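Q: If you want the building blocks of each chain, they are given just below.
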Amino acid sequence: MAKRRAKRATAVIPAHRPVEFGTPPGTLLAPPGALSTTVGVICYGEAGIEEFAVADPSELTPLREKPSVLWVDVHGLGDEDFIKQIGDVFGLHDLALEDVLNLHQRAKIEYYDDHYFIVVHAVDYKETLVVEQLSLFLGSNYVITFQPRKIHCLDPLRERLRKRKDKIYLNGSDFLAYSILDAVIDGYFPVLEKYGEIIEDAEERIVAKPTPESLAGIHDVRRELLSLRRIMWPLRDALNSLYRDETNLITSETLPYLRDCHDHAVRIIDLLEIYRELGADLQDIYLSSVSNRINEVMKVLTIITTIFIPLSFIASVYGMNFDHMPELRKESGYFIVLGVMGFIGLALLFYFWKRGWLTKDDFDPKNH
Amino acid sequence: MAKRRAKRATAVIPAHRPVEFGTPPGTLLAPPGALSTTVGVICYGEAGIEEFAVADPSELTPLREKPSVLWVDVHGLGDEDFIKQIGDVFGLHDLALEDVLNLHQRAKIEYYDDHYFIVVHAVDYKETLVVEQLSLFLGSNYVITFQPRKIHCLDPLRERLRKRKDKIYLNGSDFLAYSILDAVIDGYFPVLEKYGEIIEDAEERIVAKPTPESLAGIHDVRRELLSLRRIMWPLRDALNSLYRDETNLITSETLPYLRDCHDHAVRIIDLLEIYRELGADLQDIYLSSVSNRINEVMKVLTIITTIFIPLSFIASVYGMNFDHMPELRKESGYFIVLGVMGFIGLALLFYFWKRGWLTKDDFDPKNH
Amino acid sequence: MAKRRAKRATAVIPAHRPVEFGTPPGTLLAPPGALSTTVGVICYGEAGIEEFAVADPSELTPLREKPSVLWVDVHGLGDEDFIKQIGDVFGLHDLALEDVLNLHQRAKIEYYDDHYFIVVHAVDYKETLVVEQLSLFLGSNYVITFQPRKIHCLDPLRERLRKRKDKIYLNGSDFLAYSILDAVIDGYFPVLEKYGEIIEDAEERIVAKPTPESLAGIHDVRRELLSLRRIMWPLRDALNSLYRDETNLITSETLPYLRDCHDHAVRIIDLLEIYRELGADLQDIYLSSVSNRINEVMKVLTIITTIFIPLSFIASVYGMNFDHMPELRKESGYFIVLGVMGFIGLALLFYFWKRGWLTKDDFDPKNH
Amino acid sequence: MAKRRAKRATAVIPAHRPVEFGTPPGTLLAPPGALSTTVGVICYGEAGIEEFAVADPSELTPLREKPSVLWVDVHGLGDEDFIKQIGDVFGLHDLALEDVLNLHQRAKIEYYDDHYFIVVHAVDYKETLVVEQLSLFLGSNYVITFQPRKIHCLDPLRERLRKRKDKIYLNGSDFLAYSILDAVIDGYFPVLEKYGEIIEDAEERIVAKPTPESLAGIHDVRRELLSLRRIMWPLRDALNSLYRDETNLITSETLPYLRDCHDHAVRIIDLLEIYRELGADLQDIYLSSVSNRINEVMKVLTIITTIFIPLSFIASVYGMNFDHMPELRKESGYFIVLGVMGFIGLALLFYFWKRGWLTKDDFDPKNH
Amino acid sequence: MAKRRAKRATAVIPAHRPVEFGTPPGTLLAPPGALSTTVGVICYGEAGIEEFAVADPSELTPLREKPSVLWVDVHGLGDEDFIKQIGDVFGLHDLALEDVLNLHQRAKIEYYDDHYFIVVHAVDYKETLVVEQLSLFLGSNYVITFQPRKIHCLDPLRERLRKRKDKIYLNGSDFLAYSILDAVIDGYFPVLEKYGEIIEDAEERIVAKPTPESLAGIHDVRRELLSLRRIMWPLRDALNSLYRDETNLITSETLPYLRDCHDHAVRIIDLLEIYRELGADLQDIYLSSVSNRINEVMKVLTIITTIFIPLSFIASVYGMNFDHMPELRKESGYFIVLGVMGFIGLALLFYFWKRGWLTKDDFDPKNH
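Same order as they appear, the protein sequences are chains A, B, C, D and E.
Residues 616 to 983 (our numbering) are what the first sequence spells out, left to right.
Residues 616 to 983 (our numbering) are what the second sequence spells out, left to right.
Residues 616 to 983 (our numbering) are what the third sequence spells out, left to right.
Residues 616 to 983 (our numbering) are what the fourth sequence spells out, left to right.
Residues 616 to 983 (our numbering) are what the fifth sequence spells out, left to right.
Simulated from the structure, these hints should not be mistaken for laboratory data.
Each hint should be verified, as a subset may be incorrect.
Any copy, or any two copies together, can satisfy a pair, since identical chains are not distinguished.
Calculated pairs, DSS-like style, for lysine-lysine (alpha carbon to alpha carbon, straight line, at most 25 Å) [as the list claims (entries may be wrong)]:
no., residue 1, residue 2
1, K969, K741
2, K824, K969
3, K780, K945
4, K765, K723
5, K778, K699
6, K778, K765
7, K780, K681
8, K778, K681
9, K969, K780
10, K824, K723
11, K723, K969
12, K809, K765
13, K780, K699
14, K782, K699
15, K969, K699
16, K969, K809
17, K945, K741
Note that this is a predicted model, so its numbers are computed, not measured.
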């Protein structure tokens, strides 16, 4: 079990080293095991909507000049040169590109001369928590997204763009960026729902039968919630600063939507805190459940011992081999002693019942 | 029991998903199981007071122009089109209307061009905690309230309006909005009183007999208090910002009343914190009660065992079948041994009594 | 015992409902069980000092105009009309008067056009903690105090006024208000001293013999300290804001005194925190004391059992009735077996002594 | 032991009442048990350095006018009139002088018209923690210090002054005040070192043998650290405000030194926090040590009982007196039964060894 | 073991006294056991790069005037005069130099007239945590570093300088200082990785077999993490203030790099907090593991006792020596009693199995 837990922990806790130790800052290195890079472009505006794949970054240069909104969607971070060239086309800062390739960033929103650099994390729950880092650049008329692996919660967005009637289609790049953030954040709710179910299951199991495994399960859940919280807090702060930042990149039309987005993030944190408290509660219930069981086992032991030890003593007294023990010679001696033993046994049972140590449940073997 | 607890938890913890995943923001969708929508209007001012039901939102348009104060009270959120049309008449923002229909908002106060949007939660205690979301729009001469289900604490308000002499009747829409908030907040006190009783009962029960069920009961209460706290904190902050916000919507006459309202919210939070501490205390009392019982059971076991084991040993010594055991042949051997046993037993009892392990209570079967 | 504790709790935790539910704000209702109202007036200044009782509020109107300082001291809140009329004479706000009558306010300092409204709590310790709410209005030349029941810590103030030489006599109404606050706050120190003694007693008792009652006692004390803290925190904040507020009501002469008063409040909070930590410590000591006792009981049980069970086994072996058991026939068999038993018993005692399970204390029945 | 602890607590926790209840503020009352007052003066500057005792405060008046720096060092607070007269000479505020005599002040720095009033606490460790309050007035050309008892950490300062070359001698009164504060704060380090040793000792003792006394010892240390922390936090804040305050009393030359002093205070708080955490750790170690011992005792009991109870049962079966028990008549019956018993005993031992309940340590009596 | 732990603690907790008590501030004293001082200089710029050792501080004076960037790298703090002379050449403040020699500083960044004084800590993990203090002065065209012992994470920097193409070479002294800070901070990641492994190992060990030693190990780790946290918090604050400080010393080119550096520090603190939580989790797992074992031991004891005690009682009844015991005379009496005993034994086993006290695991000796 320890093995499995260690694996889960690894899945949740980021690897620690950002890049190879001693590498100069701003060096671009594809993360280990990265998928190969493919680039899809969606270009929309008054002239309609176009979708196509890009094989060479230089194809992007003419698109920058168009009045339409440009969404460059990069999948897989395996090709560091390709990414470097995209950076050159849009004038992205080296440190930002390094952060795109380094997959253990905190959520953040940084402003560089003419564009925002935003890092958020999309989550999913498939047997265990899956976290994907989404890096996003927002310029005056473009949005560039970098996904190490495909993030599914962005699919409905493309559909809405293609319908050409949705608010996204009718607004600028800032609204597209908001819509992406909103999709990512709304993706937290089903995951939290999942944790809600896990906690409820765990509670039923623990009350029914507390095992060390069930405790370990709670610790896993709390750990993953801790990890989610670590992701959400900086995201909330970043959204807050984005909402307050007044640059030309965010139109006043989009601002109430960002406020709404920030509101959702706050609600997610609220839920996370509640789940963490519920997890802590489970631990209390577990411990008190175990100590109740110890108490119960002790009571059984004490009752049995307390009843039979005096009786055995009486029996062993009359098992002594003294020549002169008058009772032994009596005809009815044996039966009198049996009667006395019976009386003592019943009296003790009565005493325990009065003290509340014996309840009907104790005789019901199904009750554990 | 686990089932019942899970149900309570569900009642308290909000469902997690705001709307169907992938839905564009601002989409209006009636919440599942919503009641059908009915709209009542109260219109009062110098010209007197009128009350009537509205079947079509267009009937509201002429009322907007009147100099009187207009209270549009919407019950049931089942008819999303109706609500959309009300929004159109009063120029309400799509995101605000979406929040009206999404029943798991945090308390908040948002300002849109010419109106406030306020979300608060009314609470009631019927077997378990019942939370209802109340959405409120406050414009220069109107107040619109949306209640998913009838909130009873607003009834006295209507009565006071009908009397035509109350401060509400004589003031503008801001005072009406304050009065609604005040009624909702004052509705927390009886609920807290109820929790006070529950905690006192739980304490008596736990001290009398600590069972795992009683612990589970404490956890339920603490969970519901946690949930109330989650509702109250943002409400307090929102009231604070409303009190400080200086727009034309709130007259200086109403401001001291809002301060009073904020004061009540702070007092409720104070009480919640005290109850939560009392709940935590109960847990300590429970645990120490259980560990005292283990101690007590152990003492009984130890006393019985310690007294009879040496005695049994003596008896079994004289039960040995050696040919040559001089004591066995003595006439008075048996009685001397019985005497020695009696002496040892009394000596041990005396020792335990001196150590404080034996008290009068131990002989009183009623004492558990 | 549970009963008694519940009562104490009720004494400490405020009743929850401010006024009857559904009552309009600003309604004056005497609190249940209020004493009948009597009003005493002290009027002092260059023209000397006058003291008299007031039967009708209208008698106060001419006093307002005088250049002297006026202290209206209202005892008992049973007569709501009387209080309403006093409010009218001095132009006090309805909400403030409502708060005077509602006995579960937080400490606060509010400024209304030309007067301060201050709520503080005087404490006393008579068997249990007694909290009295003192409401105070400070105007340019008057101070009005409302005491539900007589607050004894104000008595020395009147004495000092009558001496005509004290700083109070020589300064204005602001210094009188400060002196009242100072007297109330200094009244916390003897109460804290009392709690210090209670905690020291409890510690001695717990170390001597931990009983569930002693734990319950600690919980009571912690609860009362919690309650005091709930009273002191807002008071400190209020004093801080009063000290910073620069209205004409507080002269620069009085300001250093208010700073001193704030300083005392901070010191009281410091002490409260220390006592709360000591209370928490006691709980730890209690729990470790109980678990030490369990350990000790276990050791006694284990030593007795471990020594006698092997011996009894040997005895029972030689109690078997086999026809052919050569040892039984030996002349010295019995004595050899007794010797072996003695050796085993001593060897085990030695082993336990070496492990540190047996100490001199275990043989001292006075040591529990 | 309880007695001793109560004494320590009293040494650490301040008496609670500042002055006799009901005394007007600003009244000067010597603290109970105060030493008689003696005043030493050091006067230094371009004209050299003079040291002499002062018997009458009026002797100080001409010194105030001199261009040199004047250090009035008051020992013992027994003579309240003397102190009052010093206050009159230098124009010190009554409230400040009251605080000088009241020995349970928090550290603070207050500014009065033309001088600072500073309260700090010097600490020393002699068997138990000793705290002395040092009150200091800093004027443009004088420093007045009040020490209830001689504070030894100021001795090196006088030595440095007498050498006439040290920075103190060459700078003004502000640098003298800084030097005094610095000496007091640096005096915390040896005390903390002492606590470090105490904690290390306690840890070794607890791991070796956890006794209730060792736990009580930890509680004492934690209590004293709590008390130190209560002293240091306000001191740090006061130093911070002094460093930021820009009055003419502190020259820009002295400012970096004050920053350094503040730095030291922060480092002391850091160490205090670490020690408090170590103290809490010790408590955990203690508790887990006790519960390990219970576990160990239980295992011994269980092993012994589990081995001998079945064996005793077998023996008692063959001790039954039935007429017809074929085994009893067999020649080798006794030896077969002994063999079976031996086998069962060894098998159980093997089982326990396999489960890890028996280790080499269990046979080593030195291991406890 | 206690010895070893005490040693580790000493390695982590700083010695407490900054300098000998009573020493005037600004006195330079080499720390005890300091290495002898050697000074290496790297001087680079348009004119190329030069590296040489310096034997006399006066050799540095001409270098200050050159337009190139000067990196004075001081190893070993044993020669206080040498260091004093370097301070004189560059005009460094006495207090800063004192802090260089006092090895228990908090991380800090202080601004003196024309240079920054920065203290950071480099960490390494060799069996235990190793912390080295790095002091750094940043002037307009120079950087001076003081290392008590060689800090290895600076080696790659020199390599990068020698390549003459790296950003360091092409920028000024501010970028050099940034690069040093960055190298130091990035050195935390491998150490944290190490702690991650230690915690994972500890978890596996505890779940497998909880021993007091493993708990002590967790305490050591938590203590070292506490110590790292104590180092990182002030560093993060210092970096934040450096990033915000706008003096001429930091060019706008370097600012985004400092932001990146601050970002890394925040990420390290995040990881530290997670590890501390994981450490706390381990403690919970340990305690619940121990209490589970107690429970398990108790169950074995109870089952064995409960089964055999009634059987032994029956056997001892028929071991009594009454003359008249009819069962004893029956031919089949013995076998009937054996049968009854067998039935009782099996019935009890069945009862325990139904209650869930007996599982397959209990019969598997490998399962502990």
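Q: All the hints need checking, so say for each whether the structure fits it.
A: Outcome of the hint check:
no.	hint	verdict
1	K969 - K741	neither (53 Å within a copy, 36 Å between copies)
2	K824 - K969	between (28 Å within a copy, 13 Å between copies)
3	K780 - K945	neither (108 Å within a copy, 101 Å between copies)
4	K765 - K723	within (21 Å within a copy, 35 Å between copies)
5	K778 - K699	between (33 Å within a copy, 23 Å between copies)
6	K778 - K765	within (22 Å within a copy, 40 Å between copies)
7	K780 - K681	within (21 Å within a copy, 37 Å between copies)
8	K778 - K681	within (21 Å within a copy, 42 Å between copies)
9	K969 - K780	neither (77 Å within a copy, 65 Å between copies)
10	K824 - K723	neither (44 Å within a copy, 42 Å between copies)
11	K723 - K969	neither (65 Å within a copy, 54 Å between copies)
12	K809 - K765	within (21 Å within a copy, 31 Å between copies)
13	K780 - K699	between (35 Å within a copy, 19 Å between copies)
14	K782 - K699	between (32 Å within a copy, 17 Å between copies)
15	K969 - K699	neither (82 Å within a copy, 61 Å between copies)
16	K969 - K809	neither (47 Å within a copy, 33 Å between copies)
17	K945 - K741	neither (80 Å within a copy, 70 Å between copies)
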